[in-house]
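Asks: Listed below are the residues making up each chain.
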Amino acid sequence: MQPFTTLTGIAAALPIPNIDTDKIIPARFLKTIKRTGLGSALFHAMRYRADGSEDPEFVLNREPWRKAEILIAGPNFGCGSSREHAPWALLDFGIRCIIAPEFADIFYNNCFKNGILPIKLPQSVCDRLAEDAMLGANARLTVDLARQVVVRPDGEEIRFEIDPFRKRCLLEGLDDIALTLAHADAIAAYESRRRAAEPWAVG
Amino acid sequence: MAEGARPRTLFDKIWDAHVVERLADGTAILYIDRHLVHEVTSPQAFEGLRLAGRRPRRPDLTFAVADHNVPTSDRSAGIEEPESRLQVQTLEHNVAEFGITYFPLHDARQGIVHVVGPEQGITLPGLTIVCGDSHTSTHGAFGALAFGIGTSEVEHVLATQTLLQKPAKNMLIEVNGRLGFGCTAKDVVLAIIARIGTAGGTGHVIEYAGDVIRSLDMAGRMTICNMSIEAGARAGLIAPDDTTFSWLKGRPHAPRGEAWDRAVAYWRTLPSDAGAQYESRIVLAATDIAPLVTWGTSPEDVVPITGAVPNPEDEATEARRAAKRRMLDYMGLTPGTRMQDIRVDVVFIGSCTNSRIEDLRAAAAVVNGRKVADGVRAMVVPGSGLVKQQAEREGLDRIFKEAGFEWREAGCSMCLGMNPDQLKPGQRCASTSNRNFEGRQGPGGRTHLMSPAMAAAAAVTGRLADVRELVAH
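One line per chain: the protein sequences are A and B, in this order. Be aware that the first sequence starts at 1, since it is given in the working numbering, and climbs by one per residue. Be aware that the second sequence starts at 204, since it is given in the working numbering, and climbs by one per residue.
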């Protein structure tokens with residue numbers, strides 16, 4: 001996984017509540033056996049018109065937000081399905097950080113597994129960041145994961161909270177399967193205990 | 204409960220029994236007892252294993268079936284769509300390479316993963332169960348801790364049979380009283396989502412309790428736990444009881460003989476202790492629940508069938524007004540329209556929410572002796588091949604077919620429109636599925652969620668209809 005340390009980039013505002021995973025990427029684009037190449041289907045229904053052309057009103061179709069790396073989103077972003085194609089599509093488009101008042105649980109988890117940093121900040125703060133985002137290329141935001149701050153274009157620093165284990169995994173780009181496999185003996189011991197107590201459960 | 208021990212919830216007990224090791228910051232290595240796998244969210248996980256030179260730790264605890272992307276029409280010629288075919292072939296290749304139990308497309312046991320797991324007795328009380336699908340919450344109906352995971356976590360479970368997790372918060376939802384005539388488990392769960400909102404359960408596991416939940420059969424309990432995710436909760440739970448045990452006894456993968464007796468004795472210790480603490484507690488009265496339908500594009504947008512399309516201008520904030528206006532625009536609805544005056548083009552009876560034999564019986568009871576209204580396309584997609592066979596033994600297929608319904612093969616079908624079963628732009632569907640999101644059932648499609656009996660009522664009247672006016676009390 002690509003580590004996440006600091007990011008300075010253009011932020012796009014999409015302050016709509018309950019953007020679900022079908023809006024992020026509709027199911028008919030999930031027929032792939034790869035993780036890459038999904039960026040073109042990102043936000044498909046909002047981004048393209050019925051004839052397949054780009055909707056010039058949609059923020060990610062406009063300059064400079066076509067190159068956005070940070071998304072300022074609304075509450076309950078990523079609700080719905082567990083499809084990891086949602087963060088894969090965002091990543092493939094170039095989004096590395098999403099800031100929202102609240103995320104749906106599974107989507108939030110999936111971001112961390114893909115080097116995307118999801119940041120929870122209160123609605124009022126997200127509103128201010130969305131105003132920054134509207135200014136475009138002259139108002140880049142900086143996200144510093146080690147220091148846990150978002151830096152606004154005027155230099156104001158906004159602190160965010162993050163689980164320490166997830167922070168470390170992102171900063172170092174760790175493979176959490178390898179981390180868990182380091183505990184293989186404990187897993188085997190657990191299986192023996194359960195096998196004795198509940199043979200129907202673990203076989 | 205041992206004397207002096209802290210009273211624990213059902214969730215706490217299952218959690219505690221599955222912690223392999225607690226890491227320094229409170230993250231737990233949580234053991235996973237059953238891993239269900241389907242064709243859409245697993246190919247990249249198997250590929251990841253191969254790239255890292257790893258193998259599944261417990262293929263014997265892993266079960267696979269293709270459901271999301273499979274045709275529900277005649278399958279004798281295989282899968283026509285090349286991408287869908289490749290996805291199913293990839294699953295078949297992976298299960299063969301790694302020795303995973305698989306229910307193939309031509310096997311009667313094939314079906315929607317959340318119908319198949321319980322049906323085969325793979326799902327049991329007290330287990331941890333995961334699947335790369337958010338509706339894994341369904342299995343909580345048996346008192347199993349079951350939740351959806353992404354593909355990276357599918358790979359993690361394949362490689363380690365564990366997940367790195369932090370405990371969820373406990374929420375208790377009690378539904379008390381007796382459900383009124385024409386009201387079902389689907390109406391109960393829609394009422395719950397309307398009450399707490401689509402983010403109301405975020406970070407929580409919801410335990411459902413109260414006399415209404417106790418009196419539900421397993422199909423109804425599965426419907427409720429299934430839609431926990433629509434309330435933002437990753438998992439729903441219902442304490443196992445005699446209804447659970449008698450439903451499971453004799454299932455192919457359930458324990459037998461002495462092991463069964465030991466298992467039941469253990470399962471009886473699982474219900475929450477008196478005095479167990481919940482972070483939040485919600486109480487609903489059954490008498491407040493009517494047959495419900497959704498009007499918008501979020502499962503919380505619920506009104507009684509006797510109601511009308513709400514007015515966005517009644518919302519408190521401009522952001523909410525704008526969101527509701529957008530929904531009505533998408534849904535092609537005007538404020539004040541009576542729900543029962545809304546005409547439908549398509550009726551879909553199926554999905555992991557409502558495709559079990561009990562659901563089909565409820566729909567058939569309404570359809571019996573009637574015809575699908577002119578201009579309406581109506582389909583029944585049973586949850587599994589075994590559900591289909593059972594329905595055919597009971598003659599339900601004849602009732603549906605004589606009325607003009609399509610009687611199809613098992614799969615996820617029009618719930619998410621990955622296969623050819625999709626709405627056309629602008630089409631309006633009465634659906635027993637779980638999500639009314641924009642484009643969910645096909646680009647531009649308009650979904651109204653409801654119970655199987657209510658969907659059947661819509662099919663025979665050609666509009667959203669009150670099932671209580673169609674069947675004798």
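No lab work stands behind these hints, which were simulated from the structure alone. Hints may contain errors.
[Said to hold, decoys possible] Derived lysine to any residue pairs resembling SDA-like cross-links, with alpha carbons at most 25 Å apart: (1) K372(B) with Y305(B); (2) K120(A) with L171(A); (3) K120(A) with R66(A); (4) K31(A) with Y305(B); (5) K372(B) with F165(A); (6) K120(A) with Y305(B).
[Claimed, not checked] Cβ-to-Cβ under 7 Å is the rule here; a few derived chain A residues that face chain B: (7) P17; (8) D22; (9) P26; (10) K31; (11) I33; (12) R35; (13) T36; (14) S40; (15) S82; (16) F160; (17) I162; (18) P164; (19) L174; (20) I177; (21) I187; (22) G203.
Every value quoted in this text rests on a predicted model; they were computed, and no experiment measured them. We put the CB at the ideal spot given by N, CA and C, even for glycine.
Asks: Hint by hint, note whether the structure agrees.
Replies: Evaluation of the provided hints:
no.: 1; hint: K372(B) with Y305(B); in the structure: 34 Å, violated
no.: 2; hint: K120(A) with L171(A); in the structure: 18 Å, holds
no.: 3; hint: K120(A) with R66(A); in the structure: 23 Å, holds
no.: 4; hint: K31(A) with Y305(B); in the structure: 20 Å, holds
no.: 5; hint: K372(B) with F165(A); in the structure: 19 Å, holds
no.: 6; hint: K120(A) with Y305(B); in the structure: 40 Å, violated
no.: 7; hint: P17; in the structure: 6 Å, holds
no.: 8; hint: D22; in the structure: 4 Å, holds
no.: 9; hint: P26; in the structure: 5 Å, holds
no.: 10; hint: K31; in the structure: 4 Å, holds
no.: 11; hint: I33; in the structure: 4 Å, holds
no.: 12; hint: R35; in the structure: 5 Å, holds
no.: 13; hint: T36; in the structure: 10 Å, violated
no.: 14; hint: S40; in the structure: 15 Å, violated
no.: 15; hint: S82; in the structure: 4 Å, holds
no.: 16; hint: F160; in the structure: 17 Å, violated
no.: 17; hint: I162; in the structure: 12 Å, violated
no.: 18; hint: P164; in the structure: 5 Å, holds
no.: 19; hint: L174; in the structure: 11 Å, violated
no.: 20; hint: I177; in the structure: 5 Å, holds
no.: 21; hint: I187; in the structure: 6 Å, holds
no.: 22; hint: G203; in the structure: 6 Å, holds
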